[in-house]
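In terms of this note's numbering, the sequence shown is residues 70 to 327.
Some clues are possibly wrong.
[Said to hold, decoys possible] Calculated cross-link-like contacts (lysine-lysine; reagent style DSS-like; alpha-carbon spacing at most 25 angstroms):
1) K219 with K156
2) K219 with K109
3) K75 with K88
4) K78 with K156
5) K215 with K325
6) K154 with K88
7) K78 with K88
8) K113 with K215
9) K113 with K219
10) K156 with K325
These are computed hints drawn from the structure, not numbers from a lab.
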Amino acid sequence: MKTTLKIFKYVLYDVLRSKMIIVYTLLLFLISFGIIYTGKDVSKAVISLLNIVLLVVPLVSIIFGTIHFYNSREFMEMLLAMPVKRKNIFWAQYTGLSLALAAGFTIGTGLPLLIYGGAAGTFYLLLSGVFLTFIFTALAFLASVKNNDKARGIGLSLVIWFYMSVIFDALVLLLYFVFSSYPLEKATIVVSALNPVDLARLLILLQLDVSALMGYTGATLQKFFGSGFGIMFSVFFLFIWTALPTLLALRVFNRKNF
70 MKTTLKIFKY
80 VLYDVLRSKM
90 IIVYTLLLFL
100 ISFGIIYTGK
110 DVSKAVISLL
120 NIVLLVVPLV
130 SIIFGTIHFY
140 NSREFMEMLL
150 AMPVKRKNIF
160 WAQYTGLSLA
170 LAAGFTIGTG
180 LPLLIYGGAA
190 GTFYLLLSGV
200 FLTFIFTALA
210 FLASVKNNDK
220 ARGIGLSLVI
230 WFYMSVIFDA
240 LVLLLYFVFS
250 SYPLEKATIV
260 VSALNPVDLA
270 RLLILLQLDV
280 SALMGYTGAT
290 LQKFFGSGFG
300 IMFSVFFLFI
310 WTALPTLLAL
320 RVFNRKNF
């Protein structure tokens, strides 16, 4: 436990002083502050920031996580030569990087919102962003540990991000178009759980009470996701999306020959 904590502190300190984290935090802060200041409406700013959170946060998390893993290979190989358990090294690397990225997101996005008094949906925006940070960092580690080649690992990470952020929505729209004559309310709830980005989007939008823009299906989702059970459903599946790739990456890491 003490060894894991020491490695964690080293990783966290190393990542926090990285220029990438500093730029990431400042960029989010400037974008958030600019949107709120020009719009003069914090509630509308949350909707605008939603698009940034759903695209930028997963992209930065998965790319920076992949690069960090490959750049830390020599350090991890040195630790593996010592009497340190593999799982301790993995958890220290993963939690240190995830918390640093989550802190950068929370400060960069949350601070401007708090300065202007906050708004409905602010908590869910920050919660979703933190979940997406942990999820895509785990996916980054999974892609990296599965590929020894850095270029292939980064390429796989980009494919994962592109699928979840762009292609998945196109496939869902195609599904709705093909089966438009059928009731899709329950199917929509099931499909939303298959993608953490889509799940986070629905959770935030429906808490902002803009489901009227989504038609009859949106009203059904408002009834479901707007309830206490719906919030628990969303958070539960976001947690599942965090745990599954992390545990899978840990399993591959424990069996990998460096």
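When you check the alpha-carbon spacing of K78 and K156, does it fall within 25 angstroms?
-> holds (16 angstroms)
When you check the alpha-carbon spacing of K219 and K109, does it fall within 25 angstroms?
-> violated (44 angstroms)
Is it true that the CA of K156 sits at most 25 angstroms from the CA of K325?
-> holds (12 angstroms)
Straight-line Cα separation of K219 and K156 no greater than 25 angstroms?
-> Roughly 22 angstroms between the alpha carbons, so the hint for K219 and K156 holds.
Between K75 and K88, does the CA-CA distance stay at or below 25 angstroms?
-> Holds, at roughly 22 angstroms.
Are K113 and K215 close enough, with their CA atoms no more than 25 angstroms apart?
-> violated (41 angstroms)
Agreement of K154 and K88 with the hint, judged by alpha carbon distance not exceeding 25 angstroms | violated (30 angstroms)
Given pair status - K219, K113, alpha carbons within 25 angstroms = violated (40 angstroms)
Could you grab the alpha-carbon distance between K215 and K325 and see if it respects the 25 angstroms cut-off?
-> Between K215 and K325 the Cα gap is close to 9 angstroms, so the pair holds against 25 angstroms.
Does the alpha-carbon distance linking K78 and K88 stay inside the 25 angstroms limit?
-> holds (18 angstroms)
Violated hints, listed in ascending order, are 2, 6, 8, 9; each of the other numbered hints is respected by the structure.
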